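Participant: Given chain A, work out where chain B should sit, using these hints.
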Amino acid sequence: MVNRPPGIPENAEIASTGGFNKYVGPLYRLADLEDGAVKRFAFAAAEQHMNGSGTVHGGMLMTFLDTSMSRTSRLISGAKSTSTVSLTCDFVSPAKLGDVIESRVRVTRQTRTIVFLSAELVCGSRTLMVASGVWKTSGAE
Amino acid sequence: MSATPEMLAGYRETKLIDPFEQFVGPLYEKGEGIARRYALIVDERHVNMRGVIHGGMLMTLADMTLGQAAWDACDRAAVVTLNMQTQFLKGVRQGDVLEVTPELTRRTRSLLFLRGDYRIGIETVFTASSIWKIIGEN
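Chains as they are written, first to last, in the numbering used here: chain A, 122 to 262; chain B, 132 to 269.
Just so you know, the hints here were simulated from the structure itself, not pulled from any lab data. These numbers come from a predicted model, not from an experiment. Cβ coordinates follow ideal geometry from the N, Cα and C atoms, glycine included. Careful: at least some of the hints might be erroneous.
[Claimed, not checked] Below, simulated DSS-like cross-link-like pairs (lysine-lysine); rule was C-alpha separation at most 30 Å, straight line: (1) B:LYS161 - B:LYS221; (2) B:LYS264 - B:LYS146; (3) B:LYS146 - A:LYS217; (4) B:LYS146 - A:LYS143; (5) A:LYS201 - B:LYS221.
[As the list claims (entries may be wrong)] Just the calculated beta-carbon pair ranges, DEER-fashion: (6) A:ASN132 - B:THR236: 44 to 50 Å; (7) A:GLY173 - B:PRO136: 31 to 37 Å; (8) A:LEU154 - B:GLU144: 25 to 31 Å.
With the rest of the complex left out, here is chain A:
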């Protein structure tokens, strides 16, 4: 078993295997909720994720959200790759150093080439961000 930061389950799979995700990560995938209707991911806020006023940088929160939602679009469509077309984020409350931040992603609608998703970021019982977005699939099986 690999060591995980406090608050991340030991059996969480690493979701950041390469590229920018690996650079800003590690990001983890958690077990689904509601029979697979909710996909979950998590990361622990570290020094490099912060802004100058001691909260987690909005860019890092949006990066984690984009990764969570993009991964969900691939998981549910079976497409080889998907691209973010649009994403709208509301910054509801801030996160701080050491917080374990969890994403919860739901599918609103799926067509042959488009996936509509909604998501929230939470820390414990607190909502940090709510978001919705559109993904384009390519190379569907």
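Facilitator: Positioned in the frame of chain A, the structure of chain B alone reads:
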């Protein structure tokens, strides 16, 4: 701070304060105040395994550059992002240079509306609209 790359003649390095911005930077700028224009050279850290920039990096660039403009628009008072709306128009690859001149759409007593068209040459590849709250005096 290091020398400005040759492909960004006329630009200087932007002074970044936030650890996350230093982690993904450098960012470059030219001009003064809210009329500043910004440039980012997309490098191997910013792309995904398909060699295309990560959406999160584009949104981070939007937060960085619109945030600089927000700060300029309220005489360097503290500001926080309330909302960010983004559209991804075309894939951006390693080695591309992204440029933007943020626009202040409107300022109220406590809110700032800012947007930007992010271009490679003359082609717009990404757009962002944002709302910021002014939370303190400078």
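Participant: Run the distance test for LYS146 of chain B versus LYS143 of chain A: straight-line Cα separation, threshold 30 Å.
Facilitator: 25 Å, holds
Participant: Please work out if LYS201 of chain A and LYS221 of chain B have their alpha carbons no farther apart than 30 Å.
Facilitator: Since the Cα atoms of LYS201 of chain A and LYS221 of chain B sit roughly 18 Å apart, the hinted pair holds (cutoff 30 Å).
Participant: What's the verdict on LYS264 of chain B and LYS146 of chain B, does the C-alpha distance respect the 30 Å limit or exceed it?
Facilitator: 22 Å, holds
Participant: Given a hinted range of 25 to 31 Å, is it respected by the beta-carbon distance of LEU154 of chain A and GLU144 of chain B?
Facilitator: 45 Å, violated
Participant: Take a quick look at whether LYS146 of chain B and LYS217 of chain A sit within 30 Å of each other, Cα to Cα.
Facilitator: Since the Cα atoms of LYS146 of chain B and LYS217 of chain A sit roughly 23 Å apart, the hinted pair holds (cutoff 30 Å).
Participant: Between LYS161 of chain B and LYS221 of chain B, does the CA-CA distance stay at or below 30 Å?
Facilitator: 25 Å, holds
Participant: Does the hinted range 31 to 37 Å hold for GLY173 of chain A and PRO136 of chain B at CB?
Facilitator: Given a distance of about 26 Å, which is not inside 31 to 37 Å, the answer is violated.
Participant: Is the gap between the beta carbons of ASN132 of chain A and THR236 of chain B within 44 to 50 Å?
Facilitator: 47 Å, holds
Violated hints, listed in ascending order, are 7, 8; each of the other numbered hints is respected by the structure.
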